[in-house]
Amino acid sequence: MPIELIKLIPWIPLLGAVLCAVCCMKPAWRKAAGPISVLSIFIPFLITCGVYSAASGLQGDDKVQTIYQWMSVGGFSVNMGYFIDPLTMIMLFVVTGIGSLIATYAMGYMKGERGYARFFMGVSLFIFAMTTLVMADNLVLLYLGWEGVGLCSYLLIGYYYEKPEAVAAAKKAFIVNRIGDLGFALGIFLTYMTYDTVSLSVVTSKAVAFLSDPNYIATSADLWIPFLLMLGAFGKSAQIPLYVWLPDAMAGPTPVSALVHAATMVTAGVYMIARLIPVFQLSPYALPTVATIGGITALFAGTIALCQYDLKKVFAYSTVSQLGYMFLGVGALSSFGGIFHLFTHAFFKALLFLTAGSVMHALAGQLDLRAMSGLRKKMPVTCWLMFAGCLALAGFPFTAGFFSKDTILAEAMVRGTGEHGSNLYFFLALMGLLTALLTAFYTFRLWFRVFMGPEHFEMGDDHGHSDDDAHGDDHSHAHEPHEMPWWPMNIPLVVLAFGAIFAGMIVHWTGWMEHSIETSTAQPAIALNIQTDPQPTPAYEIITVSNTTDTHDTATEHPAAATGHSAEHDRAHGIHILMMWISSFIALLGIGLAAYFHWLNRPLTDKVAAKFGMVVEVLYNKYYIDEFYDLVIVKPLRTLGHGFYRFDQAVIHGLVITVGYIPRLAGWSIQPTQSGKMQGYGLGMVLGVAIAALLVFKWAF
Amino acid sequence: MHKAEFLQKVAGLWPEIVMLIGATACLFIGLSKGKGPRRSTPWIAAATLVIAALMVCKNSGSTDEPAALAGMANYIKLAVAGIGLILLMVAAGVPNRLRQSIDAEAAKTFEPGDVMTGEFYAFFLLSLTGVMLTAGAGDLVWLFLALELTSLPTYVMVATSRDRIEAQESAVKYFFLGALSAAIFLYGFALIYGATGSTNFIEITRIAQEQMLLNGGTPPGLLLIGMVLAIVGICFKIAAVPMHFYTADVYEGAATPVTAFLAFVPKTAGAVALILLLSLIGWPLPPAIEALLWLIAVATMTLGNVLGLLQNNVKRVLAYSSIAHSGYIIVGLLAGPAVIDAAGATEGTLNNGIAAILFYLVAYALGTIASFAILSCLRAGDREAQTYKHISGLHKNHPFLAALMLISVLSLVGLPPLVGFLGKIYLIGSAYSTGFTFLVVILVLNSAISAAYYLRIASACYFGEPDETVHSTGQLPRYAGALVAATLAIVLGILGNSLVNASRNATTPTQTTAQTIAQTSDAPTQTAAISNPINLE
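Each protein sequence line maps, in turn, to chains A and B. Going by the numbering used here, the first residue of the first sequence is number 1, and it counts up by one from there. Going by the numbering used here, the first residue of the second sequence is number 1, and it counts up by one from there.
Don't read these hints as lab results, they were simulated from the structure. Treat the hints with care, since some could be wrong.
To be verified - Derived CB-CB ranges, DEER-like:
id	chain 1	residue 1	chain 2	residue 2	range
1	B	Trp43	A	Val22	33 to 39 Å
2	B	Asn501	A	His569	53 to 59 Å
3	B	Ala291	A	Val634	38 to 44 Å
4	B	Glu468	A	Val651	40 to 46 Å
5	A	Met193	B	Ala4	55 to 61 Å
6	A	Met25	B	Val50	33 to 39 Å
7	B	Gly435	A	Met193	20 to 26 Å
8	B	Ala452	A	Val618	52 to 58 Å
9	A	Ser72	B	Ala452	46 to 52 Å
10	A	Lys31	B	Asn501	43 to 49 Å
As the list claims (entries may be wrong) - Taking lysine-lysine and the DSSO-like style, the derived pairs with C-alpha atoms no more than 30 Å apart in a straight line are:
id	chain 1	residue 1	chain 2	residue 2
11	B	Lys396	A	Lys26
12	A	Lys313	A	Lys635
13	A	Lys163	A	Lys313
14	A	Lys111	A	Lys171
15	A	Lys63	A	Lys206
16	A	Lys607	A	Lys313
17	B	Lys389	A	Lys677
18	A	Lys378	A	Lys313
19	B	Lys389	A	Lys31
No residue lacks a Cβ here, since even glycine has one placed at the ideal position from N, Cα and C.
Construct the entire structure; sequences and hints are all you get.
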């Protein structure tokens, strides 16, 4: 397949979105929107597969595929162009592959909804923005895609626009993201000022050059850029302190939660940091901050997930928590770990959300864990599909989540132990392990609650699809939970389940992704160390700096001499094996505890919960963070806004009105010259000439 | 002029010759008895424009853009031919006067044979030829004749465009005032000739430079007064203060498609003529001329915008807006062409006022022509749709036209990503980089004022109550013209780089001012020399 086809990838979904918009016009056409949208995502997936080998082999300037010059002002120019390297290809696989599966599922899930075509227009548009984001060859285009996915997220969360909570959630997501995007935009400005370009390839290669130059002194811009960009990443990827929008975003349709708020959009922040990792390395504090925020978020969101009763909220907090892992991964200089987890997470979290959607669908909108139990007989397929997803999320040995999570934790541990280990990373690794325990517990708490135990359910009050024949043969679905049809809903889930179980093994044993990351800009330039000397592990050793003097004032600390390599390698390998054992044990422990408390001995759980009532209450209310933000940020801002509004009305508005009269007055005063009389006009012209001549002569002589 | 030189000059004028042939053909066919041949005149005019455009492309391809303003002629010719096509679409049905004026009285005596006066398109083509010739002028006499060739057909076009008394009235006003202005700038040309002893631009430039050198930087009195008269006289063509008086009346009186024509064609000719004239004395301009242009610019844009605020008639609003845009164009004139640095290179577009003008003319034309075209698609009862009342609520009955109107007024305001934004950026950038900071401030303030009436048009279209008497004329070419202009306003706003580069290439490189001029007037000759190997000497 010719490599040029890759330029088409974002545009096919855009075309799909336009066609879906056309479908909105006539009710008879609406049914076509689903297949159109799926095709418009699936064709790019086929292209991605077709050009994969060619695209991964691109070298040097060939990686930049320019479509046209977008703008050029002075020395500043931005191309509408794509940067194709192995990282791009991995992201494209995730976006288009998982995207087509979820869109296929949505064809069934959204059947009979009023805004069927509108929904698929949003999905196609989202894929357009997301592919643009991951393919952009410069920060401005990336920002365009970044804002584009934000917009689509807003539109899709607010899909049920007649529900006030959906509208509020859409606005919340949009506004919280603005805070992060402000930082991102400032970061782009500063990047341009520092590097004189916004091109990703140039920026990263310049940063690598700085890093490998022992005499380079980091400037204050180098210190600031990562922090500004990081703010954008934290907003988009829902990290502390900007995570609050993601749980609310579950007000959108479930396929949206799976696609936008689990598999793809929220990982954009991780992608961005991985893509620009050399820039982040220039600031000695940036990556440790990323890792710390990621680790804390992972644990924090994990604890909240423990006590949620809303099916989708549990997964939402779990997503926040898993995103925290990814940040911990890139923060520990293992962009491979971060991207690996991003990849596997896309599979199993999409699977979990969609199966949760199936449960919700079957129970007519019921999402409360307390109102359902023992559904395995009613929905056997969904039950075991979700089981596969839960295993992967819990990190059960040899599932996808196990390998990727282990990579991150082991890398953090490698950085945290040994001769020059940093306590920070050691603690973060421990926090990661604790989070893994919580993850296994809350995941299986949910699964055991829903599918095991005595059969019991209360239907929700949302009858969902209005046509009675939405599922053809099934007329009683509003009263009894029912299994989903194989096509188009369960087959995509089976594919996802295979991914959730086997994707990790494939990546781990073939090593293609590790190799891909090593040959992309996501590869950390040299080992970064917080305290003293660096400790390269095999994944990091690509640049060896000849000069070995210490340069503590910069981030460009040189790797250790080659002598330590084999020992380091052995140590890293040992830690990897050890962490595998520990995390296997932790996963099994978590699952066991969950089985005991939430399947075998539920009354005991209630007693325990009653005993620790206050803790449960705090966790259930998400540490009251929303209330805290409301009190500290929203209310004061609102008061301030009212004040400004009053001031604006009284002073500014009055001023504007007054100023606005000046041109009018001027107009009135000269209007008589436009009398319509030709003689007057002629006189005016001649006088004008005379005045001009006089003026010039006065001036010249 | 030697015979060889003459032949070479003619060889570079193939586009104009084609235009003249086309105009003559229209003139004759327009007189034929049968209605069929007469109906073919717009197609002949369109074909002529296309062929002329192709010849311009061929011409510019055959030279390697030797220098300076040489490229400007080709740029303007191409722009005129291209925008001429849009104007042609908008003008559809204008010669078919009964269609506009048909009422109960006229319908009784309706005679199909009277319809369709094909010579309209002959005047149309002749006027465009005038602009093309203006752009290639290398001599004062040539320049004068070209300017008059641009204007004279427009007087007829205004008069015959509607069979209402207003049209005749405005044509008479336009003619007399136009004659007065022609007298003024011809007097100016004569004085320039008197001061330098030549009508040839190269000679004038050389002598003017010598005289200015002797006179300490300012031109001597005779040359100076000649320049002042010429500049102020030509201000009539671009509708700048103090020669702006006719604008609103004439624009209102003419049929709307002809108004669109007036808003672009004579203005382009005038702007080009001013560029050529000022290049005779070169940039940086003598302080006296600079002060004069500065005042004209400020007065023109301010007057246009404040009077635009007060109008209820959209055609008059657009007329005043066209005056204001002339003010912006003069800002570019003040900035002048790019000054090259020691390395012999110029960087960016933001320091080249002439390139900015060339770009701005196109940007302005698209927005203005689109808005006039939309007005021309509408009729209120048996009259033209002209007032805010007529376009209010356009969105309800004619959503397509309302959307185009929105695009075109936003482009005129200068909102990104439309082409008007790029145009303003380049103008402001050039003025700022040459140190006219205060002028830039005034320009920006004026833009803000202009937004008030432009947005009033948009808000009338979208939020007003529809006027029941307003209906569409149903002339598809006019819709197409509006659509093409508005689409280009978006496309060039996003993909405007090629046009920006073209306008930049048309005006660079500039070595010294004197050389610039030498090359300017040499250019057609050089062009010809390459394309025509005949040399009789």
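Should the hint that Gly435/B and Met193/A are 20 to 26 Å apart at their CB atoms be regarded as holding?
Holds: the Cβ-Cβ distance is about 25 Å, inside 20 to 26 Å.
Range hint 40 to 46 Å (beta carbons of Glu468/B and Val651/A) holds or violated:
For Val651/A against Glu468/B, whose Cβ atoms are near 42 Å apart, the range 40 to 46 Å holds.
Given the hinted pair Lys378/A and Lys313/A, is their alpha-carbon gap at most 30 Å?
holds, 23 Å
Are the Cα atoms of Lys389/B and Lys677/A separated by 30 Å or less?
Satisfied, since the Cα-Cα distance of roughly 26 Å is no more than 30 Å.
Are Lys396/B and Lys26/A close enough, with their CA atoms no more than 30 Å apart?
holds, 20 Å
Could you see if the CB distance from Met193/A to Ala4/B stays within 55 to 61 Å?
holds, 58 Å
Check the following: the C-beta atoms of Trp43/B and Val22/A are separated by a distance inside 33 to 39 Å.
At roughly 34 Å between Cβ atoms, Val22/A and Trp43/B fall inside 33 to 39 Å, so the hint holds.
With respect to the beta-carbon atoms only, verify the hint that Met25/A and Val50/B lie 33 to 39 Å apart.
holds, 37 Å
Range agreement (Cβ of Asn501/B with Cβ of Lys31/A, hint 43 to 49 Å)
Distance hint for Lys31/A, Asn501/B holds at roughly 48 Å.
Please work out if Lys607/A and Lys313/A have their alpha carbons no farther apart than 30 Å.
Within the cut-off at roughly 24 Å; holds.
Could you tell me whether the CB distance from Ser72/A to Ala452/B stays inside 46 to 52 Å?
With a Cβ separation near 32 Å, Ser72/A and Ala452/B fall outside 46 to 52 Å, so the hint is violated.
Distance restraint hint 52 to 58 Å, applied to the beta-carbon atoms of Ala452/B and Val618/A:
Distance hint for Ala452/B, Val618/A holds at roughly 56 Å.
Of the numbered hints listed earlier, those contradicted by the structure are 3, 9 and 19.
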